[in-house]
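Visitor: Here are the chains, one letter per residue:
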Amino acid sequence: MQQYLLHIADNALILGHRLSEWCGHGPALEIDMAMTNISLDLIGQARNMYQYAATLEGDGKTEDDLAYLRDVPEFRNVLLVEQVNGDFANTIARQFLFDTYHYFFQQQLCESQDPQLAAMAEKSLKEVAYHLRWTSEWVIRLGDGTIESKARIQRAFQDLWSFRGELLTPALYETEAVAAGVGVDLGAIKTAVEQKIFNVLDEATLVRPTDGWMHAGGKTGRHSEHLGFILAEMQFLQRAYPNAAW
Amino acid sequence: MTQLLQLEDRFQARIDAEQKIEPKDWMPDAYRKTLIRQISQHAHSEIVGMLPEGNWITRAPSLRRKVALLAKVQDEAGHGLYLYAAAETLGVSRDQMYEELHAGKAKYSSIFNYPTLSWADIGAVGWLVDGAAIMNQVPLCKCSFGPYARAMVRVCKEESFHQRQGFEIMMTLAHGTPAQHKMAQESLNRWWWPSMMMFGPNDDASPHSAQSMRWKIKRYSNDDLRQKFVDVMAEQAAVLGLTIPDPDMHWNADRGHYDFGTIDWKEFDEILRGNGPCNKERLDARNKAWNDGAWVREAATAFAAKRKSATA
Chain A
1 MQQYLLHIAD NALILGHRLS EWCGHGPALE IDMAMTNISL DLIGQARNMY QYAATLEGDG
61 KTEDDLAYLR DVPEFRNVLL VEQVNGDFAN TIARQFLFDT YHYFFQQQLC ESQDPQLAAM
121 AEKSLKEVAY HLRWTSEWVI RLGDGTIESK ARIQRAFQDL WSFRGELLTP ALYETEAVAA
181 GVGVDLGAIK TAVEQKIFNV LDEATLVRPT DGWMHAGGKT GRHSEHLGFI LAEMQFLQRA
241 YPNAAW
Chain B
1 MTQLLQLEDR FQARIDAEQK IEPKDWMPDA YRKTLIRQIS QHAHSEIVGM LPEGNWITRA
61 PSLRRKVALL AKVQDEAGHG LYLYAAAETL GVSRDQMYEE LHAGKAKYSS IFNYPTLSWA
121 DIGAVGWLVD GAAIMNQVPL CKCSFGPYAR AMVRVCKEES FHQRQGFEIM MTLAHGTPAQ
181 HKMAQESLNR WWWPSMMMFG PNDDASPHSA QSMRWKIKRY SNDDLRQKFV DVMAEQAAVL
241 GLTIPDPDMH WNADRGHYDF GTIDWKEFDE ILRGNGPCNK ERLDARNKAW NDGAWVREAA
301 TAFAAKRKSA TA
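Protein chains in written order, with our numbering: chain A, 1 to 246; chain B, 1 to 312.
These are computed hints drawn from the structure, not numbers from a lab. Mixed in with the good hints, there may be bad ones.
Only part of the chain A face toward chain B is listed, based on derived beta-carbon distances under 8 Å [to be verified]:
id, residue
1, 17
2, 43
3, 119
4, 123
5, 125
6, 241
7, 244
Per label pair, the in silico range of CB-to-CB distance [unchecked claim]:
id, chain 1, residue 1, chain 2, residue 2, range
8, A, 60, B, 93, 51 to 59 Å
9, B, 284, A, 158, 45 to 53 Å
10, B, 284, A, 159, 23 to 31 Å
11, B, 305, A, 191, 49 to 57 Å
12, B, 177, A, 56, 23 to 31 Å
13, A, 30, B, 288, 47 to 55 Å
14, A, 30, B, 23, 46 to 54 Å
Backbone N, C-alpha and C define an ideal beta-carbon position, used for all residues, glycine too.
Next up, chain B with everything else stripped away, as it sits in the complex (with noise of 0.2 Å):
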């Protein structure tokens, strides 16, 4: 007991320190755990990510933004790759992964649980969603688990990209026809509280909070991050020259911040637990590609055996 209690005061003394630590150092079980929950899940969302977006490829609307589209899409899918890998660090493979994603045991970003019903909703997961997931990105680019900071610098690099590029997407449809301009809003209306909702429940409500800031796996609280993107929103959406559809923003000198309305967490729950517009349909989408890639999987193993017992 006194030996683990002097293990995990170490453990503790280099994450202070602004230490990395590594797979193979020791760490405490709930440090492995929490990490492997929160990897998995970023990877998950990754991948599931790409069905909205994926959904758009086909019809979008020129040449450029088509190839944008596809790149992009592949982009989640490397961000995936690094991130399942990273977790596979902490002993855990990425079929075992996989298997409780489809399983509807794992659990993934409840934003992807809703539909993307116009062009312009390419535009807002851009500008919005990639612009929530960096303000909740970058902090992990300083995680105190190596491999995951590491994963991080990259998909974070990748994500503004991506957040550009949506942004780009809403004022070309903002400034265009009254049309389109018309579409760009109904896609903010749509898309702007799941967006919130993205920083996960209010401070007092956040169950894993503190451990995880304790470990600095977490560097800033949910609330705080939450604030800070509304405050940049709040300025884009002037840019777009679109409307927030939140009554209660406004700019509070006081506070030096945007104040905004309250949250429905209902909709968040129902989503959570399995209620969302999408969450059936991603799922089986999962499970299909998956299913039907068995014999192509099963195919490439067998071939490889194969090869390596011709020349062993």
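This is chain A alone, in the form it adopts within the complex (with noise of 0.2 Å):
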């Protein structure tokens, strides 16, 4: 139980974490202000899952103790939410991608038989449904827009694509969440997920990247490079000055 609720709010702390590095630096105001909404939306999500993961835990353990005194073999998150923002396209599909998977699982996890997880979850899907509605926009003005959105978003789907398979495989910690009737079944979501996909990149006339390797490990710990950093960046604080109160 323990590894999926830090699994949950791994995805959006370190999605959100990315999304936080846009602001100040978005391509016009209402853009820039849109993915901050996002990013709060998901570190808000986190801290809810956190506290409650560390109430569980017990010890005097908090929020912070879980997000800032883990190390990256301790994540639980997927591989595609640590990835670079690179250009506003790669930040929009690797978005995108997250919203359609994060939409359906929410609606999934409004049914587990915990009633936090419900509550929460609950919470969560009224964000999470615009996240996706945005996110889906972006995708089909880029696709649809000039040649070169087009081929920004394009590249962005074909270079983001082989991260979308993690997504939409279990992990042990997740199978036996659903056998615990707590958790979500990835198999039960997979086809509104992928339609999802499929629809938004065709009003978006974009070609839908061949289906080849599939990255994975970060929901087990192994991680790509990237996520040392946003750790070494995110923690300096806590790590430079252990015991402090902030």
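Each chain sits in its own coordinate frame; assemble them with the hints.
Guide: Okay, structure coming up:
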């Protein structure tokens, strides 16, 4: 259960962190603000989940212990969310691939037999529905915009496609969570997730990349080189000034 | 000529009667120009101000602080939006204002040309810089130009929240570990004088002030506002247990105010000339964001045009 909660929280925190890197540097003020909104939602979701995980762990653990005092191998997020922002097209493609999964995931999580998880999912679902709408619109806008925007978003999907598989392939703790009646059966949402992706790509007049090798490992703590740098930056103050309150 | 004089008299009479001037009303060219300059500078300050604070978003020391800082920097973007919109009612476009900023022709608050070097700077910026900004901005809620005054009501509400947040960060650090206390003091040492400069030159050296006061764009003089700031901050620093880096600061019972030392205006002038520690970085960052985003904005425009012609 603990691993499962951390997995959900880590996905949200790391992606929220990545998005927050855009703050102040977006292509237009309105886009800047929208990305920050999504980032705030995701970090908020991560906090709820960490707080819950911390209570279950007991021992006076806090949300910050979980976010700031674990190292790379202990993080359970998928590889997709730790990938660099790249250009705006890359950020949108990464976010869209995550949002399609995240939307159907939260929808199912509302049915969890763990009342706490179900309640959090219900709140998150409203936010994620907006994220998915926003990124879908941008995929379509970029795909059907100019020659340059089409080339950029097409390339972004090409580059990130191989990170899509991990989202829908369960780790052991996910299978166990399903068996316990608290987690989401990824097999049950696979078709809906893919259908949504394909529909939006079609409307965006983009070519669907061919499925080939799919990267995996993040869910069990084998990450890309990027995560170490994210944590080095994020955890700097907590590590440099141990036991201080902020 | 007589007609123009009549218009100007009537305009001034409305201002004297505390009536708001609205975008479609007649106004002297100089009033319009002054407002465009001031509001666009103000908007630019919000947008450039996102950079030094944004510098610590990814390093905020707790999840609560991270979310608060992110939301704060987002508020600054929002302030920029309202202010650009207020300036647009005077007949200048956001893109024109951006061009001036990116070309280095438009000014923004010099304070944002200083670097944020420690987490305590996020506290100090909130406490001192937002504190000074509020002193400058609260009177603008009563500015004679309607759209500016109304935008400022909302801006001030959010700024005072930011200031409390900054003070609370300073409080936590000042009463934290010795290392945190030191971090807070070091930050106050760097931000104090630049914050004092935020009120602008001394009254006798402030070229636009008299006319702006007559037009009720400005309500209090630079030196009056600065004194008010000193009086408030001296007390707050004492509560924090931090020392303001001014050996000449003393309570003067005769004046009923704190006395304070002389500001180094040479430093201020150099920053205005572009020689501050971060002038180049800030402008480069704005230019980069704008240039990197050009293809995105073009795509959005092209897409909107396609959809429009499809439904036409």
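Visitor: Work down the list of hints and note, for each, if the structure agrees.
Guide: Each hint, compared with the structure:
1. Checking residue 17(A) against chain B by beta carbon gives a least distance of about 6 Å; that is within 8 Å, so the hint holds.
2. Against a cut-off of 8 Å between C-beta atoms, the interface hint on residue 43(A) holds, since the closest Cβ of chain B lies about 6 Å away.
3. With a least beta-carbon distance of about 20 Å to chain B, the hint placing residue 119(A) at the interface is violated under the 8 Å criterion.
4. The beta carbon of residue 123(A) is not positioned within 8 Å of any beta carbon in chain B (closest approach about 15 Å), and the interface hint is therefore violated.
5. Using the Cβ-Cβ criterion of 8 Å, the hint placing residue 125(A) at the interface with chain B is not satisfied: the shortest such distance is roughly 20 Å.
6. For the restraint placing residue 241(A) at the interface with chain B, the shortest Cβ-Cβ distance is roughly 6 Å, inside the 8 Å limit, so the hint holds.
7. Because the smallest distance between the Cβ of residue 244(A) and any Cβ of chain B comes to about 5 Å, under 8 Å, the interface hint for this residue holds.
8. At about 56 Å, the CB distance of residue 60(A) to residue 93(B) agrees with the hint of 51 to 59 Å.
9. The hinted window of 45 to 53 Å between residue 284(B) and residue 158(A) is violated, with their beta carbons roughly 31 Å apart.
10. For residue 284(B) and residue 159(A), the Cβ-Cβ distance of about 27 Å falls inside the hinted range of 23 to 31 Å, so the restraint holds.
11. The given range of 49 to 57 Å is broken by residue 305(B) and residue 191(A), whose C-beta atoms sit roughly 36 Å from each other.
12. One distance hint, 23 to 31 Å for the beta-carbon pair residue 177(B) and residue 56(A), holds here, with the actual separation near 30 Å.
13. A beta carbon spacing of about 19 Å between residue 30(A) and residue 288(B) contradicts the range 47 to 55 Å that was offered as a hint.
14. In this structure the supplied range 46 to 54 Å is violated for residue 30(A) paired with residue 23(B), their Cβ-Cβ distance being about 22 Å.
When held up to the earlier numbered hints, the structure conflicts with 3, 4, 5, 9, 11, 13 and 14 and fits the remainder.
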